[in-house]
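Please model the entire structure based on the sequences and the hints provided.
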Amino acid sequence: MGLLRLLRSLKKNEKEARILVLGLDNAGKTTILKALSEEDISTIMPTQGFNIKALVSSPRHTQEGFKLNVWDIGGQKAIRPYWKNYYENTDGLVYVVDSSDDKRLAECSEELQSLLQEENLQKVPLLVFANKQDLQFALDAEENMDNPSMLSCYQRGQQLYYFIFSLGLQEGMEWLVKTISEKK
Amino acid sequence: MAHLQDKADHSSSATSMQDQHNQLKKIAEGFKIVSLKMKNAANGQVLYESSEWDLSENEVKDVRFPKEMLQCTELSRELVFESREAITDLQLLQKISLNNQEIEHLYFKFGFVIPNSQNSWDQIIQADSEGILPAEVLSGNLMVETLFISQDQVINRSFYRVFYV
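From first to last, the protein sequence lines are chains A and B. In terms of UniProt numbering, the first sequence has 46 at position 46, counting the first letter as 1, and numbering is strictly consecutive. In terms of UniProt numbering, the second sequence has 10 at position 10, counting the first letter as 1, and numbering is strictly consecutive.
Hints may be right or wrong, so weigh each one.
[As the list claims (entries may be wrong)] Under the rule of at most 30 Å between Cα atoms (straight-line distance), these lysine-lysine pairs were calculated in the BS3-like manner:
{"no.": "1", "chain 1": "A", "residue 1": "Lys67", "chain 2": "B", "residue 2": "Lys109"}
{"no.": "2", "chain 1": "A", "residue 1": "Lys84", "chain 2": "B", "residue 2": "Lys109"}
{"no.": "3", "chain 1": "B", "residue 1": "Lys109", "chain 2": "A", "residue 2": "Lys34"}
Derived from the structure by calculation, the hints contain no laboratory data.
In structure tokens:
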């Protein structure tokens with residue numbers, strides 16, 4: 001039992017935040033994760049589980065330095081039923097949308113809406129990232145918003161939300177970290 | 001009657017302990033470190049890479065890291081692992097000791113692991129602002145004990161002696 005006691009005492013961590021990155025397969029979740037630390041994004045394979053990136057946010061954006069654990073979970077249909085195992089203790093949610101995939105926009109918004117029903121994700125700040133805006137046939141971010149089923153989940157009221165237009169990953173993450181640190 | 005009841009409870013808990021033991025064994029057999037990479041977090045340069053990370057428990061193994069690693073202010077460590085079985089609550093505990101004295105420990109909770117999954121964990125390790133001990137002091141005297149834990153059961157425990165070359 002000595003081991004267990006040690007684990008418990010270690011769990012009292014200082015300022016840490018857990019960010020969950022979800023979205024359909026091929027939306028670009030892992031690319032975003034890698035881009036956060038300016039890593040090479042040329043050889044990314046479909047995620048068959050999770051990828052975690054532990055980062056220390058610079059004090060420039062928050063009062064003090066903040067330790068971030070960003071979790072990207074695979075988005076393939078077979079993996080989605082396991083998403084629920086990762087909701088607990090989430091401080092921020094990033095939902096990545098492939099703007100060039102108009103065929104799956106309905107599926108994409110269905111998944112988002114079911115996420116917003118989750119008990120453990122209530123009151124968690126949400127960042128929706130309209131990815132792949134640079135592709136030729138991409139719906140623009142406003143068009144994504146206009147999609148009636150997409151829109152309905154933003155009108156839920158209490159949920160703190162944010163919508164990001166096109167290429168502002170940095171800006172979006174800064175907003176998310178700032179919102180989380182104000183809540184903590 | 002009460003006595004019989006006790007007896008029944010006892011035997012069922014013995015069975016569940018056996019089940020737990022078997023399950024743990026299955027988890028351990030299906031658990032594999034795919035790769036370990038150490039990178040300079042400032043420029044992404046790979047300083048160390050290994051795809052054969054032996055998790056067998058019986059002996060202390062040696063690992064050789066390049067000296068330059070000690071000069072990085074931020075080091076990124078990427079661990080990729082596979083699991084055949086689902087794991088309810090995976091945790092990692094690492095104890096680092098210098099000349100048999102524990103100087104640091106690191107704990108991380110992964111939580112649930114998807115069956116047949118490959119997962120990665122990339123962590124930024126910041127150098128102590130007071131500076132790092134020279135390679136000559138650390139090399140060969142630094143021991144890293146790594147435990148992978150499921151709930152409160154050890155999946156495996158390995159010991160590595162670190163050399164800086």
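Checked hints:
For a cut-off of 30 Å, the pair hint linking A:Lys67 to B:Lys109 stands: about 14 Å separates their Cα positions. Of the supplied pair hints, the one linking A:Lys84 and B:Lys109 holds, its CA atoms being roughly 16 Å apart against a limit of 30 Å. Taking the CA atoms of B:Lys109 and A:Lys34, the gap is near 21 Å; set against the 30 Å cutoff, the hint holds.
Violation of the numbered hints given earlier is absent; every hint is satisfied by the structure.
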